[in-house]
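Number of protein chains: 2
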Amino acid sequence: MPPLHQHTFTKPDGRQLVLYARAPIDPTIVATTPPGGAAGVGGSHLRWHPLRGEWVVYAGHRQNRTFLPPPEWDPLAPATNPDHPTEVPAGAWDVAVFDNLFPALGTGRVPAPPPAEIVPTAPCGGTCEVVVFAQDANVSLGQLPLDRVEMVLAVWADRTAALRARADVAYVFPFENRGVEVGATLAHPHGQIYAYPFVPPIAERALELQRARPGLLAELIAAEVAADARTLYVGEHAVAFVPVCARWAYELWIAPRRAVPTLDALAPEERLDLARALRLALRKLDGLWKRPMPYVLAVHQAPVHGDHAYAHAHIEIYSWARMPGRMKFLAGSEVGAGTFTADTLPEAKAAELRAVETTDE
Amino acid sequence: MPPLHQHTFTKPDGRQLVLYARAPIDPTIVATTPPGGAAGVGGSHLRWHPLRGEWVVYAGHRQNRTFLPPPEWDPLAPATNPDHPTEVPAGAWDVAVFDNLFPALGTGRVPAPPPAEIVPTAPCGGTCEVVVFAQDANVSLGQLPLDRVEMVLAVWADRTAALRARADVAYVFPFENRGVEVGATLAHPHGQIYAYPFVPPIAERALELQRARPGLLAELIAAEVAADARTLYVGEHAVAFVPVCARWAYELWIAPRRAVPTLDALAPEERLDLARALRLALRKLDGLWKRPMPYVLAVHQAPVHGDHAYAHAHIEIYSWARMPGRMKFLAGSEVGAGTFTADTLPEAKAAELRAVETTDE
Numbered sequence: 071m072p073p074l075h076q077h078t079f080t081k082p083d084g085r086q087l088v089l090y091a092r093a094p095i096d097p098t099i100v101a102t103t104p105p106g107g108a109a110g111v112g113g114s115h116l117r118w119h120p121l122r123g124e125w126v127v128y129a130g131h132r133q134n135r136t137f138l139p140p141p142e143w144d145p146l147a148p149a150t151n152p153d154h155p156t157e158v159p160a161g162a163w164d165v166a167v168f169d170n171l172f173p174a175l176g177t178g179r180v181p182a183p184p185p186a187e188i189v190p191t192a193p194c195g196g197t198c199e200v201v202v203f204a205q206d207a208n209v210s211l212g213q214l215p216l217d218r219v220e221m222v223l224a225v226w227a228d229r230t231a232a233l234r235a236r237a238d239v240a241y242v243f244p245f246e247n248r249g250v251e252v253g254a255t256l257a258h259p260h261g262q263i264y265a266y267p268f269v270p271p272i273a274e275r276a277l278e279l280q281r282a283r284p285g286l287l288a289e290l291i292a293a294e295v296a297a298d299a300r301t302l303y304v305g306e307h308a309v310a311f312v313p314v315c316a317r318w319a320y321e322l323w324i325a326p327r328r329a330v331p332t333l334d335a336l337a338p339e340e341r342l343d344l345a346r347a348l349r350l351a352l353r354k355l356d357g358l359w360k361r362p363m364p365y366v367l368a369v370h371q372a373p374v375h376g377d378h379a380y381a382h383a384h385i386e387i388y389s390w391a392r393m394p395g396r397m398k399f400l401a402g403s404e405v406g407a408g409t410f411t412a413d414t415l416p417e418a419k420a421a422e423l424r425a426v427e428t429t430d431e
Numbered sequence: 071m072p073p074l075h076q077h078t079f080t081k082p083d084g085r086q087l088v089l090y091a092r093a094p095i096d097p098t099i100v101a102t103t104p105p106g107g108a109a110g111v112g113g114s115h116l117r118w119h120p121l122r123g124e125w126v127v128y129a130g131h132r133q134n135r136t137f138l139p140p141p142e143w144d145p146l147a148p149a150t151n152p153d154h155p156t157e158v159p160a161g162a163w164d165v166a167v168f169d170n171l172f173p174a175l176g177t178g179r180v181p182a183p184p185p186a187e188i189v190p191t192a193p194c195g196g197t198c199e200v201v202v203f204a205q206d207a208n209v210s211l212g213q214l215p216l217d218r219v220e221m222v223l224a225v226w227a228d229r230t231a232a233l234r235a236r237a238d239v240a241y242v243f244p245f246e247n248r249g250v251e252v253g254a255t256l257a258h259p260h261g262q263i264y265a266y267p268f269v270p271p272i273a274e275r276a277l278e279l280q281r282a283r284p285g286l287l288a289e290l291i292a293a294e295v296a297a298d299a300r301t302l303y304v305g306e307h308a309v310a311f312v313p314v315c316a317r318w319a320y321e322l323w324i325a326p327r328r329a330v331p332t333l334d335a336l337a338p339e340e341r342l343d344l345a346r347a348l349r350l351a352l353r354k355l356d357g358l359w360k361r362p363m364p365y366v367l368a369v370h371q372a373p374v375h376g377d378h379a380y381a382h383a384h385i386e387i388y389s390w391a392r393m394p395g396r397m398k399f400l401a402g403s404e405v406g407a408g409t410f411t412a413d414t415l416p417e418a419k420a421a422e423l424r425a426v427e428t429t430d431e
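Order-wise, the sequence lines are chains R and U.
Sequential numbering from 71 applies to the first sequence in this note's numbering.
Sequential numbering from 71 applies to the second sequence in this note's numbering.
Hints in this document: simulated from the structure, not taken from any laboratory.
Be aware that one or more of the hints could be misleading.
Partial pick of chain R residues on the chain U-facing surface, computed with a CB cut under 8 Å [as the list claims (entries may be wrong)]:
#  : residue
1  : Pro72
2  : Leu74
3  : Trp118
4  : Val126
5  : Ala174
6  : Glu187
7  : Ile188
8  : Asn247
9  : Gln262
10 : Pro270
11 : Ala276
12 : Ala368
13 : Val405
14 : Gly408
15 : Phe410
Note that the Cβ used here is the ideal one computed from N, Cα and C, for glycine as well.
For reference, chain R alone in the conformation it holds in the complex (with noise of 0.2 Å):
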């Protein structure tokens, strides 16, 4: 694969802008930004759940966020036209970064002190980026030529380490909602990435059973491979599969076979496998019912401090739709009782899966 070229740009309002090209990126470009935001504004602050034990975000600045603009205003198309700036200039770039206009993480400019509260507050440190895929606002993720795909997990894995670096930052999370059914405001092939100031719990909880148990993930990785059962890819470094125990009816975990605990840590080949695997697993759940699967992905990864050799970094896939214009509702059991009940077995959807014929166009 050759390098990955990238260069950082400011926006005339102060926010980051990166773009990634396996060619130099033009040094002249100009980078945008759209009318009618109102960056820094605000900021967050976080209060402490004690019935849960967990830390809630408070970002009263983002109730009047941008909302589905028709396809003209996409924010995230390459600005051709002078009058309609939009978040990413023209110019030869594959995939841009920049920081969110309207950032659920983060102090604001001026950093407000949190309010005195009857459960502990805290300011809220952090940032949130904007990952756009690609300049065609037609295309996804999963549609994007292989070694397109493999610079996606290069450019989650380069901001990852350049995230880890910031003082207010302790745990990097990629990811993408993609379809309206998961409340994705923007068509525009995008992800984004949430640099938390604090652990979240679903990684503390995987990170402490992992600690407690080096290799599980490796092992569950071998079992599902000699299993057979559920597996949809099985490449030399990466894995796609349904998980034995997955919790939505169309779940996908891929991951590298070497535990690592964050994607800059990965080799060249086995980021490369594990772009295969990605690229497969979407273009398999697209090819099921033949429209696009509205979903969650998510990267999980080790926190920035202390040592999480055991942490085995993974991308793991949740499908909304049950059945094709069926949608799988949290309710009772999931929100108020942590309880997931699925009504298929994991084998039975991954055999739907592994029976999608996908090309490699």
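Fit chain U to the known structure of chain R by using the hints.
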């Protein structure tokens, strides 16, 4: 309050039906069952999720369950036409409870051993019940008169005590999924009770935190009452408030002021005041935009086994809307990391609800 009468019946397919009223129930009422069901078919099993450290329930027989039938097929309406039997009989009763035809929990009539898998598996004991709040399909829980809301609390308490006596039940969880937005498949006002064979993760976490600091919720309630910023109802025995750490825009906690581990431990005057608090909270939610608010209502109680004198039973309501017609989507941060980011402050949402005028009709 007059005494609560009840009578237990057996449906033609063997399932249990309990009718409740303020007057004695006619024991000659004949329990009915709608056609097309498959009671006891299937059965669920559990699989251990090694990265979350929790059980996942697999109920493959539920995939094709009843889905939003037209009003004339309401299976929760009293069976007045012998040609169209429903789940509840005609007659003088106010609240009905019956075994769910498509239970997510339970081993089924002919229990099968759980499959051997690459993670631990177990049979899924427990059961699921449906609670019909009223014969009238066009009311809601909050619209009922005070004595009828009190009756629903008394029925939850009665079923909690009855289900806790079962050998295969470790935790009793009454809840209501209200509105198609949270997956309610029937419009008729009703709730459900899940009796789990294990203690679900959210309950386990809350109990661990309360055990570590007895009086946790009672102290929070006292602080909310003193702050007077988020309370909707402050009675002698019960309160309703938007918690300082609300994760949802319109989240309400309704709690007895005295810590009791389960609803059946409430004194009659405490239960009546809790009904007042709950009814007011529900009327505030529906009055806010003059339209039914979609929500999940969860009753948090202590587990069956062990000494949980420190536990403080209460009700939490999570409203799915964040603005009229705009839903809160659970996406990357909530589903993949476990962290809620609220776009609004609890104080602001409480002020909106405090301003809603409710009638006592």
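The hints, checked one at a time:
no., hint, verdict
1, Pro72, "violated, 30 Å"
2, Leu74, "violated, 24 Å"
3, Trp118, "holds, 7 Å"
4, Val126, "holds, 5 Å"
5, Ala174, "holds, 4 Å"
6, Glu187, "holds, 5 Å"
7, Ile188, "holds, 4 Å"
8, Asn247, "holds, 4 Å"
9, Gln262, "holds, 6 Å"
10, Pro270, "holds, 4 Å"
11, Ala276, "holds, 5 Å"
12, Ala368, "holds, 3 Å"
13, Val405, "holds, 5 Å"
14, Gly408, "holds, 4 Å"
15, Phe410, "holds, 5 Å"
This entry does not satisfy hints 1 and 2, going by the numbered hints stated previously.
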